[in-house]
Structure formats: C-alpha cells, structure tokens
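Model the full structure from these sequences, guided by the hints.
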Amino acid sequence: MEKSTAAKTATAKLSEKTGRTVQEAIELALEELNVTEDMADIEILDEGSKGIFGLGGKSAKVRATLKEAVSCGKSGACDTDDFEERGSLSRGAASALDFLLGILERMSVDAAIDVTEDEESVMFSISGADAGIIIGRRGETLDSLQYLTGLVVNREGDSFKRVLIDIENYRKKREETLIRLADRLADRVVSGRKSITLEPMNPYERRIIHASLQKNEKIRTYSIGEEPNRKVVISIK
Amino acid sequence: MKELLELIARSLVDKPEEVDVREAEDPKDNSLVLELRVASEDMGKVIGKQGRIARAIRNIIKAAAIKENIKVSVEILD
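One line per chain: the protein sequences are A and B, in this order. For the first sequence, position 23 (counting from the first letter as 1) is numbered 23 according to the numbering used here, and the numbering increases by one without interruption. For the second sequence, position 55 (counting from the first letter as 1) is numbered 55 according to the numbering used here, and the numbering increases by one without interruption.
I should point out that these hints are in silico values taken from the structure, not numbers from a laboratory. Since the structure is predicted, the reported quantities are computational estimates derived from the model, not experimental observations. Note that beta-carbon positions come from the ideal geometry of N, C-alpha and C, so glycine has one too. No incorrect hints appear here.
Cut-off 35 angstroms, straight-line C-alpha distance, at most; resulting in silico cross-link-like pairs (DSBU-like, lysine-lysine):
| no. | chain 1 | residue 1 | chain 2 | residue 2 |
| --- | --- | --- | --- | --- |
| 1 | A | K173 | B | K67 |
| 2 | B | K2 | B | K67 |
| 3 | A | K173 | B | K49 |
One side of the interface only, derived from the structure: several residues of chain B facing chain A at Cβ under 10 angstroms:
| no. | residue |
| --- | --- |
| 4 | M1 |
| 5 | E6 |
| 6 | L7 |
| 7 | I8 |
| 8 | S11 |
| 9 | D14 |
| 10 | K45 |
| 11 | G48 |
| 12 | Q50 |
| 13 | R55 |
| 14 | I57 |
| 15 | I60 |
| 16 | A64 |
| 17 | I66 |
| 18 | K67 |
| 19 | E68 |
What follows is the structure, given as structure tokens:
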C-alpha cells in the first residue's frame, strides 16, 4: 500500500532516531523530517539510561511521525508542485489525482485528497467542506465522479484498476445505514409474511443489501427493474 | 462552469486540443447552456455506452450549478 497526501508534505513521513537523551533524539528526528515539533507526533520508544560513570548507558530512541493532511489553500487549489510523494503513484493514479483536484478547484470546493494505491485499486479519500455537494442525492454525484475518475485512471495501460472515492467517510456510513435498514426490513418481511421492495439503488448498494441478508435463512433477496431504477426485493423464502 | 466542463472532457478524450466548450443562453428560461464539441472519433469517449459517460458529466456539472445556484445544461454537439 502506498499512501500519499495531496497537500504539502515532506518526503519522509516518519523518522526514528537515537540520541544520548530523549530531547536530542527528538531534535534529530525533527531535523530529518524538516519540521517543527507541532507538525509531528512524537513517540518515545526508549527513554535510555545514563549508566554508571558513563558506562553501559543506553541511548534514547524516539519516532517522529508527520501529521497528516494539511488542507489546501482557500481557493481550493492544492499546490501540487509541492506534492513530492506523487512519484510513488502510478501514472494513471497521478493523472486521476490531478483530475480530481482540478474538478474540486473549479467547483470552488476546499478539500484535501488522500490517495491509497495497490495493484488492484486506487482509493481517493476526500476531506473538507461541502461534502454534501460532492455526494449529491443518494450519492449520485459521488458515483459519477468515481466513474469518470475510473476512466481517467484506466485510460492508458492495459491493466485495470478499480477506483473508489470516498468523502468524509460517506461510503462507510452509508454501508452501515444500509445494513441496518436491511436487517430491519428483513424482520418486517418475516413477521408480516409479505415482500418489501426497497427504493432504487446502484449496483454497489444493492450488493451490500444482498450480501448482508445472505445468511438469513428465512428470507431471500433479488432485484427487479432496469438501471437506474433497479430495486432490491426482500421476500419470504 | 465552462472551465469545469473543459477539464472533464479533455481528461477523457484522445485529442484534448480539439475540445471546445461554448456558453450559450437557453432562450426559454435564460439558463446557461454549455455546448461541448470534441473530435468526431472522440464522441464515444464523452458519451459512453448508453450515454453513461454523458450522464456522469451532466451530474457533476449539475452539482457545480447547484453550488452556484444557477441552472446549467450540457449539450454534446457533432
């Protein structure tokens, strides 16, 4: 997993240093990260000890981790030239990041984007204000943005990468909501012995419903209708 | 709004230099119409199977329009 943050970050995100004292180790670590103490989290790994008569002493060891995601400027524009970790992203992912940053900037949305990439997928996590505008009704805008970003990522090169975009944890929260909804409706189907048809959902959301009810032996789920109005039906087995 | 559509279209096509967006006004309700033109061989890249790409583009433009509190439509011309 490679992780990059679309904001001003130094190349090294983490530094472990040893020194004669804790303070000295911290100073060395911060110096390597090229930041001040308020910009990093300091963890003391070993306090060290003085030893007797200067013999047998143990050095102090600390780990300094750079704090995440400094947000972008007021205009919504991230200074991508300072984005030194860009090099760790694949070409497709890097151009998709530019694409997303460009869209947010032109929509006057202040946001920071965190990118996580592995062989099969690229995940863009957007954080910032105006999440509602980017998400849209029932996540429609977010899905469109994800779809187009997927096209940009996979434009060149023959390997296909799945693209996921989340904003302010929307997807995770939505998944939890859908699972709760599915459980509640399944109970109602069992007690009322009558099928229930849910509101239209995209394939991703329908899959969450199907998967979450798969183990329930009293009911079965299937989908009806055509996209974009395809709906999940929960019925008694 | 024009710049947003240009960016999206240029990121999707093979010939970004041929992407052209013009602003027009809908005579019916004075709303903004964005006319998108791309190289003919790039039409599929902005429309997609069953218009899926065009729909996604319109969704994003619509979101930007909601934020600016205006009405905007996108027309893809050949």
